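Each chain, letter by letter, is given below.
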Amino acid sequence: MRRERRIWDKYLKKFTSRLEGRLLEPLKKIIIEKEAETISQIFGKLETAGIIGEDFRKMLVDIMAYTIFDRFYWKLRSLDEDPVAEFKRFKSTITNIDDYLDGDLIYYALKDECKDMGKINRVTIERIISTLNYTAEIVKRIRRPTLIEVAKNFRSYVMFNVSKDMPEKLYVRKAGYFGLLTSTLIRDVESALESLRLSIIALPFGEQQVANNYLYILGKILKIWNIKVESNLKPALEPGIAEVLLSLGLTDKKLENMDYTSAQYLAYLRIAETLFPEDPTKIMVLRRVAEEWCYVGEWKRCGECWLNSSCPKEY
Amino acid sequence: MSIEFETTAAKYIMEWGEWIEKLQLLAILKISRKKAGIYLEKLIKLQNSDGGFPVNWRRGSRSGIIETAVALEALSNLKADRKIVLNAVKFLEKKQLPNGSWMEENEERNRRVEPTIITAKVIRGIAAYDKKRSCLEKAIRYLMDNQRTDGLWLSSSMKNESSLEASSEALIALLEVNNPKIEHALKFGIDALWSTFMEKFTEEWREPSKEALHIAEALIKAGYGDAEAVRKILQSYVKAERWRFGDRRSISTDEAVDAIRILILAGAIDAEVIKKVVEELLDKREKLKAIIEKKEEDVRNYFLIRFEEIGLRINDEKRRILLGCFIYALLDQFFWAAEDFDPQSEYRRITGIIGPLNQLENYAEIEKVRGALFRSRVLRGIARRRKMEVARSIVLFTKFLKKYGENGSFREFAEKLRAYTLFELGPQITGWNASHRLGLLLRSFSKGEKSLPKLYEALKLSLECFPAVGSKIATLFSYYSGWIFNLWPEIKKYIECPIDWNTVKPYGNIGLSCLTIEELKKDPKKTGNAIKKLSRELFPDDPAKISFLWVVGHEWCTKPYKCYGNGIRKCWLIELCRGERYEKREKNMG
Numbered sequence: 001m002r003r004e005r006r007i008w009d010k011y012l013k014k015f016t017s018r019l020e021g022r023l024l025e026p027l028k029k030i031i032i033e034k035e036a037e038t039i040s041q042i043f044g045k046l047e048t049a050g051i052i053g054e055d056f057r058k059m060l061v062d063i064m065a066y067t068i069f070d071r072f073y074w075k076l077r078s079l080d081e082d083p084v085a086e087f088k089r090f091k092s093t094i095t096n097i098d099d100y101l102d103g104d105l106i107y108y109a110l111k112d113e114c115k116d117m118g119k120i121n122r123v124t125i126e127r128i129i130s131t132l133n134y135t136a137e138i139v140k141r142i143r144r145p146t147l148i149e150v151a152k153n154f155r156s157y158v159m160f161n162v163s164k165d166m167p168e169k170l171y172v173r174k175a176g177y178f179g180l181l182t183s184t185l186i187r188d189v190e191s192a193l194e195s196l197r198l199s200i201i202a203l204p205f206g207e208q209q210v211a212n213n214y215l216y217i218l219g220k221i222l223k224i225w226n227i228k229v230e231s232n233l234k235p236a237l238e239p240g241i242a243e244v245l246l247s248l249g250l251t252d253k254k255l256e257n258m259d260y261t262s263a264q265y266l267a268y269l270r271i272a273e274t275l276f277p278e279d280p281t282k283i284m285v286l287r288r289v290a291e292e293w294c295y296v297g298e299w300k301r302c303g304e305c306w307l308n309s310s311c312p313k314e315y
Numbered sequence: 001m002s003i004e005f006e007t008t009a010a011k012y013i014m015e016w017g018e019w020i021e022k023l024q025l026l027a028i029l030k031i032s033r034k035k036a037g038i039y040l041e042k043l044i045k046l047q048n049s050d051g052g053f054p055v056n057w058r059r060g061s062r063s064g065i066i067e068t069a070v071a072l073e074a075l076s077n078l079k080a081d082r083k084i085v086l087n088a089v090k091f092l093e094k095k096q097l098p099n100g101s102w103m104e105e106n107e108e109r110n111r112r113v114e115p116t117i118i119t120a121k122v123i124r125g126i127a128a129y130d131k132k133r134s135c136l137e138k139a140i141r142y143l144m145d146n147q148r149t150d151g152l153w154l155s156s157s158m159k160n161e162s163s164l165e166a167s168s169e170a171l172i173a174l175l176e177v178n179n180p181k182i183e184h185a186l187k188f189g190i191d192a193l194w195s196t197f198m199e200k201f202t203e204e205w206r207e208p209s210k211e212a213l214h215i216a217e218a219l220i221k222a223g224y225g226d227a228e229a230v231r232k233i234l235q236s237y238v239k240a241e242r243w244r245f246g247d248r249r250s251i252s253t254d255e256a257v258d259a260i261r262i263l264i265l266a267g268a269i270d271a272e273v274i275k276k277v278v279e280e281l282l283d284k285r286e287k288l289k290a291i292i293e294k295k296e297e298d299v300r301n302y303f304l305i306r307f308e309e310i311g312l313r314i315n316d317e318k319r320r321i322l323l324g325c326f327i328y329a330l331l332d333q334f335f336w337a338a339e340d341f342d343p344q345s346e347y348r349r350i351t352g353i354i355g356p357l358n359q360l361e362n363y364a365e366i367e368k369v370r371g372a373l374f375r376s377r378v379l380r381g382i383a384r385r386r387k388m389e390v391a392r393s394i395v396l397f398t399k400f401l402k403k404y405g406e407n408g409s410f411r412e413f414a415e416k417l418r419a420y421t422l423f424e425l426g427p428q429i430t431g432w433n434a435s436h437r438l439g440l441l442l443r444s445f446s447k448g449e450k451s452l453p454k455l456y457e458a459l460k461l462s463l464e465c466f467p468a469v470g471s472k473i474a475t476l477f478s479y480y481s482g483w484i485f486n487l488w489p490e491i492k493k494y495i496e497c498p499i500d501w502n503t504v505k506p507y508g509n510i511g512l513s514c515l516t517i518e519e520l521k522k523d524p525k526k527t528g529n530a531i532k533k534l535s536r537e538l539f540p541d542d543p544a545k546i547s548f549l550w551v552v553g554h555e556w557c558t559k560p561y562k563c564y565g566n567g568i569r570k571c572w573l574i575e576l577c578r579g580e581r582y583e584k585r586e587k588n589m590g
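Protein sequence lines correspond, in order, to chains A and B.
Its first residue numbered 1, the first sequence is counted upward by one per residue in my numbering.
Its first residue numbered 1, the second sequence is counted upward by one per residue in my numbering.
None of these hints come from the bench; they were simulated from the model.
Values in this document were obtained by computation on a predicted structure and should not be read as measured data.
Cβ coordinates follow ideal geometry from the N, Cα and C atoms, glycine included.
Wrong hints could be hidden among the right ones.
Chain A residues, not near chain B, derived (Cβ > 10 Å throughout) [what the hints assert, rightly or not]:
(1) I42
(2) K164
(3) V189
(4) E292
Here are the simulated SDA-like cross-link-like pairs (lysine to any residue), alpha carbons at most 25 Å apart as the crow flies [stated by the list, open to error]:
(5) B:K95 x B:I38
(6) A:K169 x B:S61
(7) B:K447 x A:S130
(8) B:K472 x A:S130
(9) A:K164 x B:W432
(10) A:K164 x B:C135
(11) A:K254 x A:L101
(12) A:K169 x B:G448
(13) B:K447 x A:E25
(14) A:K169 x B:P453
(15) B:K416 x A:V172
(16) A:K169 x B:W57
(17) B:K450 x A:S156
Chain A with its partners taken away, still in its complex shape:
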């Protein structure tokens, strides 16, 4: 309770006043209007990346790789590199699930096939490789593509295999997520999604951004589970969205700590849940805004932006 109050006091004063002054209604309207366009844009990207296919197991691993690449979106953009094109280069070597089990092959694909992904440091590359290895191992065990089955497989593998193999230092940093995963039993859709989210965060390269994007793509863009999961999905917080939130005057300061349990992420979650209680991931439209106009280069291109009319430009 005290933490909740602190979050509202520290990050959401402006948001509260705008909400109470009903100044956010036009913004909400635009976001709702533009959501379909955003989804189709992401769908298009996935199609271009060659992810969408019939084999659900392969799709599960491919999407994990894609979300990991997406984690480096802004870095790649700053190097004038298209992340989707980079992912396609990676996919030219890694073609099936078994390839994801081969650490050397992934290393080669990242180092030699990709242009800029190979430049990231050795430790990060090692973590990416082991994350993809683990995901492939898990996915191979899944028999049916139901949410519960996927979540159960992820949970048990991460709890009993990943926890055993992870290097000591990294494990100590991630132990809290393993603990949360242990205490999250899979009973319904909500707990299954939470457990899946925690399982991904507990992986060596797992982060809030990777986990939430993964679930967003699976549950909302591709709808692979054929059930309504929107209200239980959580939007990913990443630097672009944090910048747009600041420009829109929704946060008092820029959200920089993207950890799943951080106060800043919780503040972001409160904004999304307050604006769109039935589907907080609608706020992912802001990512598109960041990509196109707000966070793309040295200058914001406000004149062309969807949100221009309702943005107070508080940057």
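Fit chain B to the known structure of chain A by using the hints.
Chain B in isolation, oriented as in the chain A frame:
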């Protein structure tokens, strides 16, 4: 130069330092082999069959070059057994490369420490034993061949720039050997180092650095000890704020060892004064050890009597003892939170309401336990949530005992408690800290850890996952059940004594700490690690014996009316305490 803290610095190393640093200090001070016994024996026991000493001083690891060189220097200075020293020398000779240098086998290590530095350290180690060893000639040749045209040595083969650290290490090594053939190279190097030193001294070294200290050592050895710049560096180093011992900003113990060695070398501090203090400290520790050994049974009986007063006896059923110890340890958290709190009478009152300890079903009912805690007058000021958590903890532990409590061995108990915590208690856990501990416990489970020290850690982690149980209560429980009631003799070696002000005060009173009583009082927990280290050094097979200090603290030190007049004469520590405080008090009383 007048320096007042030299003795505190030595105490600081002896209190907070690693055992090898303590041994290094004793070797610098040339303290007798007998007095350095504990550390010397530990070092000797570590020697591998190849004559080397293990990497990072971890038993069973492969031999490391630097560790062996450091050990050799200390062993030679302390005049250890010739055979042991010779084996270490032979190991180093065997590892010498054809070009005369030494390199670590581990590449990662080589990246951090350059061959020049490793070679220089080995030369110092071997020279401390025998300056005429044939391998030294080749090593000196290597250093001379690698001396640059500017008179200094390279920092790394990858970078093309001179390193002051490597250069000073190389020069110290060359000076140590004192060979007439190298006179020219030596002079050239020293002149280059001196000019660089003067340049940096005026431009960069506003803040004294560790690097400056190493260079100062080389220059002092080369005869520049009286130079104004060297003296100023030493003075500023000593006066820096980092000499606030025990503070987070304080210099590290290994740096303090280096500093003492160099300051002694410069004649800035009196080695004899430090030696006297360290010898006194060692004597005091030996005396403390003897007193604790003598009073071990008294300490155990002291606690057993307290437990008997609340109805727990050593012959009771195991489950009864375990539950009693758990409740008694849990109540400890109210000691400072509630006024007029007496754990014994509160325990009696609570168990009186719930029922006898062997009727476990009563303790498994949350309503009964909650009722007993909420009815207490003394606990009225405690938050409801806290009391509820304590009640839940008791119920959960009782449920565990009902299921698994009959097990005999510690191994079985700890393994089952770990599984119970993970799979039955786990889903009820909330909060980041408890989740973190649950995560650590999960790793212990998935790895299938079965060794006693690991299981002891798992036991503590499991208990810390219970509501309202922190590290202290988990330690208290294992101390009560494992050490006082001796339920599992096999884990005696791993049980720790809980540390609080009662333990810290006598520790400070008898002068074992470098901090004053006022400083210790500000944060008693800070000294916890030093006391744990001391207990492991004095009683490696039963470190919980140090709980003797707790009894003394509880009975005398923290009760001013007892630490006074006739009362003090009964104190178990009076022999050691006399020197420090007793005389002062006698003097004050006229």
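Let me make sure I understand: some of the numbered hints might not hold for this structure. Which ones are they, in numerical order? Result: hints 2, 5, 8, 10, 11, 13 break, sorted rising.
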